[in-house]
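So the sequences go chain by chain: W and L. With the first letter of the first sequence counted as 1, position 270 gets the number 521 in the working numbering; the numbers rise by one all the way through. With the first letter of the second sequence counted as 1, position 15 gets the number 1457 in the working numbering; the numbers rise by one all the way through.
Straight line, CA to CA, 20 Å or less: simulated EDC-like cross-link-like pairs of lysine to aspartate or glutamate:
{"hint": "1", "chain 1": "W", "residue 1": "Lys435", "chain 2": "W", "residue 2": "Glu468"}
{"hint": "2", "chain 1": "W", "residue 1": "Lys435", "chain 2": "W", "residue 2": "Glu601"}
{"hint": "3", "chain 1": "W", "residue 1": "Lys435", "chain 2": "W", "residue 2": "Asp595"}
{"hint": "4", "chain 1": "L", "residue 1": "Lys1464", "chain 2": "W", "residue 2": "Glu337"}
{"hint": "5", "chain 1": "W", "residue 1": "Lys435", "chain 2": "W", "residue 2": "Asp462"}
{"hint": "6", "chain 1": "L", "residue 1": "Lys1464", "chain 2": "W", "residue 2": "Glu320"}
One-sided excerpt, in silico: chain L residues whose CB lies under 10 Å from chain W:
{"hint": "7", "residue": "Leu1484"}
{"hint": "8", "residue": "Arg1519"}
{"hint": "9", "residue": "Gly1536"}
No lab work stands behind these hints, which were simulated from the structure alone. Beta carbons are placed, not taken as given, at the ideal position from N, Cα and C, and that holds for glycine.
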Amino acid sequence: MPQQRHALLVDEQHDERSRGAFIASLREFTMGGLYPQLRQHYDAVLAPAYAARHGRPPESVDRVRAVMEQSQLYTGFSLMARATQELLWDTVGETVERQLPQLNDRAATARAARGTLQLNPSLPLPDYVAAVDIHVMPGGFHTDLVDDDVFAGALYDRGVYLFAFGGLGPLNDELGVATAAAVKRQFPDFAPRRILDLGCGAGHATLPLADAFPGAEIHAADIGAPMLRYAAGRAAALGYSIHFSQQDARSTTFADDSFDLVCSTLLLHEMPRPAILALLRECHRLLRPGGVMAHHDLLRWPDDPYDAFMMGWTTQHNNEPYERASGTLDFPRDCAAAGFSAADVFIVSEPGAYLEEVYQVSGIRGARKR
Amino acid sequence: MEPTVKRRRYANGPPRPQYLSKADADRAAMMVLALAAEVSALRERLDTHERLAEGALPPTPAAVESYQAPEPVEALRADARRTLIDRITRVLIGD
Chain W
252 MPQQRHALLV
262 DEQHDERSRG
272 AFIASLREFT
282 MGGLYPQLRQ
292 HYDAVLAPAY
302 AARHGRPPES
312 VDRVRAVMEQ
322 SQLYTGFSLM
332 ARATQELLWD
342 TVGETVERQL
352 PQLNDRAATA
362 RAARGTLQLN
372 PSLPLPDYVA
382 AVDIHVMPGG
392 FHTDLVDDDV
402 FAGALYDRGV
412 YLFAFGGLGP
422 LNDELGVATA
432 AAVKRQFPDF
442 APRRILDLGC
452 GAGHATLPLA
462 DAFPGAEIHA
472 ADIGAPMLRY
482 AAGRAAALGY
492 SIHFSQQDAR
502 STTFADDSFD
512 LVCSTLLLHE
522 MPRPAILALL
532 RECHRLLRPG
542 GVMAHHDLLR
552 WPDDPYDAFM
562 MGWTTQHNNE
572 PYERASGTLD
582 FPRDCAAAGF
592 SAADVFIVSE
602 PGAYLEEVYQ
612 VSGIRGARKR
Chain L
1443 MEPTVKRRRY
1453 ANGPPRPQYL
1463 SKADADRAAM
1473 MVLALAAEVS
1483 ALRERLDTHE
1493 RLAEGALPPT
1503 PAAVESYQAP
1513 EPVEALRADA
1523 RRTLIDRITR
1533 VLIGD
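Just chain L, same shape as in the assembly (with noise of 0.2 Å):
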């Protein structure tokens, strides 16, 4: 629900220094794509215990350690993958 009372979102004064040289936003970027990577191992991650669940088997740590997609299920992991590279990537390079 909408808040009746809106806070403020800025503060006055002068605009917020610039923190990022060229050089660093070139590695905040790189540390993003590294972030991403750990997201979608941890999305996969989840999809095992999910899988698991649905055969009835407990997820403790040696059953998800050996568990191996089979092809369908690796097919549904690269269309994941590929939506969430489709959604980081958007603003970065859209003409």
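One chain only, chain W, in its complex shape (with noise of 0.2 Å):
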């Protein structure tokens, strides 16, 4: 199923569409094809040679990696994937280059229609994410190109499609449903009537909290202002109304027991502990007894040492050098840390909202501040 059109989404001439597919079918080849067939390779080839030759199996991360390393099959997997990865970005990226004042225009008439836009440009970018750009997407969330830039947004939301070969649905949006029908399904009776999402990006998380809970006031916060122009300006764009700010999701400026739920998606895996440690303070700050806060990411680390190397390929690979802080957290007793109670903690499984062969590990974990 194609993405679907919206005011903001890139205009692809034939050939962009063209190389556009093309990337995506690389994208299905290497983590469709070959992903799996690596982990048939190691149990049938690469792991019984091991044995046989140290009379045990591969035990540790490390002896797997040894073994991979010398497989041709993983080391060309691993130049397909990388190689795929930039490729990716450069290709949307001249296509938003090339029309970049059109949609910087079209997102600004959008935002005047509906919704509202606070920027900050004396927040301070934190240094994990000037470290690194993340996905290894040129400029990450946060680089502005022009006056009124949009450019981070028009890449990702294109970007992202084209990366999960459409897996993540026509709007980007699937994690996101899921996270809210997870709320739902732990709380029955919960009527959010303030939400915040945190490390909002595009708002393709967003915009299912609205769905979910209709009437509630809806709140989106992320760090990159471009990101957050286009957010604002898709949103508007397809009818609905979210307040958007820029902030440090460690530290808003949203006054203490100001929301019923604080929601992220895919955010976790990009902070290191002690930004995740921040973050879940702050979401105790924020919420009003009753309150809920639900993060849909990794639940763990894989214990397997050969999924736990697979789980590490895009820490090496695709700059996320915290993904592993946010599979190793204690989190009721990180929770408890951050004020919420361990006994009101919850994990859902959701295994099956994106790329089950790779995220076998993912949910929702959060917890209900008394």
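Bring the two chains, given one by one in their own frames, into a single complex with the hints.
Laid out in structure tokens, this is it:
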């Protein structure tokens, strides 16, 4: 199913569409084909060969790494996946660059129609964000190219659709839909009136919150101004009234006890552990008594040495250096340290939401504030 | 037809110097992948011309730009992309 058109989605010329389709095919080939094939090859050939030589299977991540790095299938997979990632941003980037003035205008026009946007140009960029452009996306979520720029948002919206070869749905929103559904399942009578989506990016997971809780006042925050300008324009163009603001999720400007629901989707795994702990404390501060926090991300780092090695692929090859921190939280204990009660913590496995082969250990976890 | 006299394909002398470092080889592979994307786009552009001709439509720049492949055509193109990827990656991933 093609990506759903909206006023801010880039227009692609014939050959740009074809190049994009080729990249989606490359992603499908590497992640849908080679990735599971690697596991089969490891189980059938590489691990038995190691066991025959050493009298035991590869028992640690380092031993799995040593085995895998000798495998042409693995090095070929890694090169293909990294090259595809660079090609993805470069290809979509060329398309966005070509029409950036028009996209910036379309975003400004859409934003004027509904919703709000508050930027804070003096907000310091956290060191851990400045240190690395996650996903190898040049400029990350935060680099402004021109005044009133939406480049990062336009790049990410089209890019992530091709990256997931459509697997996140026509609006790239399936993870957000799953987050909202998990909160509703967990707390059937919960009717939040004021909701905050932290690390909202292009707003893919924000709009499902508005759908799931009609009538609620929805706020969304991110560190990146060009992402927020795009997200606010995209939301407005799709008919939603959302309040976007530029914030550091560890320390927002919102008042104490001011939200019923604070969510994030794929935010935690891009934060180092001290930042995650600060985020949990901030969620506790922002929630009213009875309010709920819910984060959709990795639930745990795999125990199996092969799975742990492959889970770490993105750390090494895709500029996601903090990923392991979210998978190795002691979530009940870390929530308790942030002010929640460990007894009020919930963890819901949601492996089917996206690329189940890779993210078999993902889901939603959170806590209700007493 | 096979030529009756075969020319030499190598020059006597020391082995060819090595030009690419490991990092250069990675860069070259990335160039190949970018070029493959271009080949795929060219093939699809040619396919668009043929589809337009099949419908007796002149393949003007505007007609090519506005052509949207219907689902059965897109499925054929996806197969062709997959075949191209298989072909160019065979030597890279063959274990």
